[in-house]
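Turn these sequences into a full structure, and let the hints steer you where they fit.
So the sequences go chain by chain: W and L.
Using our numbering, you'd call the opening residue of the first sequence number 43 and step up by one each time.
Using our numbering, you'd call the opening residue of the second sequence number 3 and step up by one each time.
Watch out, some of these pointers could steer you wrong.
[As the list claims (entries may be wrong)] Computed beta-carbon distance windows for the label pairs:
hint, chain 1, residue 1, chain 2, residue 2, range
1, L, G88, W, R74, 25 to 31 Å
2, L, A104, W, G126, 55 to 61 Å
3, W, G88, L, L46, 16 to 22 Å
[Stated by the list, open to error] Capping the alpha-carbon separation at 20 Å, the derived lysine to aspartate or glutamate pairs in DMTMM-like fashion look like this:
hint, chain 1, residue 1, chain 2, residue 2
4, L, K81, L, E68
5, L, K81, W, E78
6, W, K89, L, E47
7, W, K89, L, D43
8, L, K81, W, E109
9, L, K40, W, E109
10, W, K89, L, E36
11, W, K89, L, E8
12, W, K89, L, E42
[What the hints assert, rightly or not] Not the full set, but computed from the structure, chain W residues with beta-carbon under 7 Å of chain L:
hint, residue
13, E75
14, E76
15, H80
16, E83
17, V94
18, V95
19, G96
20, F102
21, E104
22, E105
23, W106
Just so you know, these hints were derived from the structure itself, not from any lab.
Here the structure is a predicted model, which means the values were calculated and not measured.
Beta carbons: idealized from backbone N, C-alpha and C, even for Gly.
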Amino acid sequence: MMTENRATLVVEDCVEYWRRTGVPRSAVVGMREELEQHLREAIAAGKSVESVVGPDVLAFAEEWAREYRPTSPIPRPISGVGPGLLAVGSGILILFSLLGIGVYAGGGTTIEACCPRQVIESGTAVITGGMLIWLLLVFVAGILSIVAAVLMFRGRLRKGGWTALAGAPLALLTPVHVFAAGLLLGSGIWALSRASRAEAPVQAS
Amino acid sequence: MVQGSEQRGSQLLRGVLDMCLLALIAEEPCYGYEMVRKLEDRGLELVSEGSIYPLLSRLQRLRLIEAFSVASNDGPPRKYYRVTPGGQRALDAWAEDWSTFAQGVDRVLKGGQK
Numbered sequence: 043m044m045t046e047n048r049a050t051l052v053v054e055d056c057v058e059y060w061r062r063t064g065v066p067r068s069a070v071v072g073m074r075e076e077l078e079q080h081l082r083e084a085i086a087a088g089k090s091v092e093s094v095v096g097p098d099v100l101a102f103a104e105e106w107a108r109e110y111r112p113t114s115p116i117p118r119p120i121s122g123v124g125p126g127l128l129a130v131g132s133g134i135l136i137l138f139s140l141l142g143i144g145v146y147a148g149g150g151t152t153i154e155a156c157c158p159r160q161v162i163e164s165g166t167a168v169i170t171g172g173m174l175i176w177l178l179l180v181f182v183a184g185i186l187s188i189v190a191a192v193l194m195f196r197g198r199l200r201k202g203g204w205t206a207l208a209g210a211p212l213a214l215l216t217p218v219h220v221f222a223a224g225l226l227l228g229s230g231i232w233a234l235s236r237a238s239r240a241e242a243p244v245q246a247s
Numbered sequence: 003m004v005q006g007s008e009q010r011g012s013q014l015l016r017g018v019l020d021m022c023l024l025a026l027i028a029e030e031p032c033y034g035y036e037m038v039r040k041l042e043d044r045g046l047e048l049v050s051e052g053s054i055y056p057l058l059s060r061l062q063r064l065r066l067i068e069a070f071s072v073a074s075n076d077g078p079p080r081k082y083y084r085v086t087p088g089g090q091r092a093l094d095a096w097a098e099d100w101s102t103f104a105q106g107v108d109r110v111l112k113g114g115q116k
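This is the structure in structure tokens:
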């Protein structure tokens with residue numbers, strides 16, 4: 043009876059592990075049935091649960107799970123123009139938005155309050171409450187750009203690509219919309235196409 | 003320290019277990035526990051019987067074997083495996099490789115027994 047209880051626990055542990063680690067649900071059902079049946083017959087033949095799954099249940103579960111999970115190569119750090127430009131662009135976006143937000147929060151009404159005319163020619167632009175929302179959107183676009191650039195640098199090209207593409211519509215709201223949206227769109231497409239190339243199956247020899 | 007013969011046998015079996023499973027399935031369709039029993043009958047004992055399942059999944063993924071369900075008297079239907087034409091070809095090739103390898107090892111071992 044104790045062995046049967048142990049078998050039930052082992053099966054539950056394996057099933058939980060498989061579900062948690064991304065084994066397709068349909069496969070888990072079949073794996074569970076197969077393991078349950080094997081344990082039942084082994085126990086009836088006087089064998090221990092360990093003789094079936096070994097001393098480490100999770101190692102056994104992982105070995106089996108590996109055959110069902112889609113293969114994903116280990117992300118490698120990426121260097122290149124795409125994430126580099128994106129990182130620079132995100133810095134510009136964030137700087138621009140923080141400048142505006144800072145002026146508004148500081149009670150200033152014009153960008154001239156903190157920037158010399160030589161830097162910003164339209165130095166008399168008024169930062170109103172309505173513009174604050176607009177500036178916050180720019181800030182979010184900048185943050186998305188930074189996140190995308192970091193993801194790309196770390197080799198998470200697909201996630202980085204989609205993050206960059208998500209930031210592109212927000213970037214259109216900025217005064218440098220062509221530059222910002224183009225940068226996000228371009229780097230997003232670059233990252234996704236590079237990810238697709240990396241994931242393409244290798245032709246068997 | 004000299005490794006125990008049981009441990010050495012287990013290591014050797016691990017390296018050729020997929021080939022042995024494919025050969026058993028090629029003899030006649032069978033299910034997991036049945037394969038373990040057949041291996042035991044031929045003097046091959048696994049340290050962890052469940053280690054056959056990742057290999058069966060891999061053979062299935064490589065389309066060397068295929069699974070099908072057979073109704074069982076004690077519980078849900080059993081998952082049986084049968085060999086595919088590609089699996090039979092792979093088995094023939096593996097058996098030939100094994101034969102060459104085993105002969106080579108044999109010659110080395112016999113050469114050492116003077």
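A quick look at each hint next to the structure:
1. L:G88 / W:R74: 25 to 31 Å: holds, 28 Å
2. L:A104 / W:G126: 55 to 61 Å: The hinted range 55 to 61 Å holds for L:A104 and W:G126, with Cβ atoms some 56 Å apart.
3. W:G88 / L:L46: 16 to 22 Å: holds, 19 Å
4. L:K81 / L:E68: Given pair L:K81, L:E68 holds - Cα atoms ~10 Å apart, limit 20 Å.
5. L:K81 / W:E78: With Cα atoms ~12 Å apart, L:K81 and W:E78 stay inside 20 Å; holds.
6. W:K89 / L:E47: This hinted pair holds, its Cα atoms lying about 13 Å apart.
7. W:K89 / L:D43: holds, 16 Å
8. L:K81 / W:E109: Distance ~17 Å between L:K81 and W:E109 Cα, so the pair holds.
9. L:K40 / W:E109: violated, 24 Å
10. W:K89 / L:E36: holds, 14 Å
11. W:K89 / L:E8: Within the cut-off at roughly 18 Å; holds.
12. W:K89 / L:E42: The hint holds at about 13 Å.
13. E75: Since the shortest Cβ distance to chain L is 6 Å, the answer is holds.
14. E76: Holds - the Cβ of W:E76 comes within 7 Å of chain L, reaching about 5 Å at its closest.
15. H80: Since chain L brings a Cβ to about 5 Å from W:H80, closer than 7 Å, the hint holds.
16. E83: Cβ of W:E83 sits 4 Å from chain L, so the hint holds.
17. V94: holds, 5 Å
18. V95: At about 5 Å, which falls below the 7 Å cut-off, the nearest Cβ of chain L leaves the hint on W:V95 intact, so it holds.
19. G96: holds, 4 Å
20. F102: holds, 5 Å
21. E104: violated, 9 Å
22. E105: Because about 5 Å separates W:E105 from the closest Cβ in chain L, which is inside the 7 Å limit, the hint holds.
23. W106: holds, 5 Å
In summary, the structure is inconsistent with hints 9, 21 from the numbered list given earlier, while agreeing with the others.
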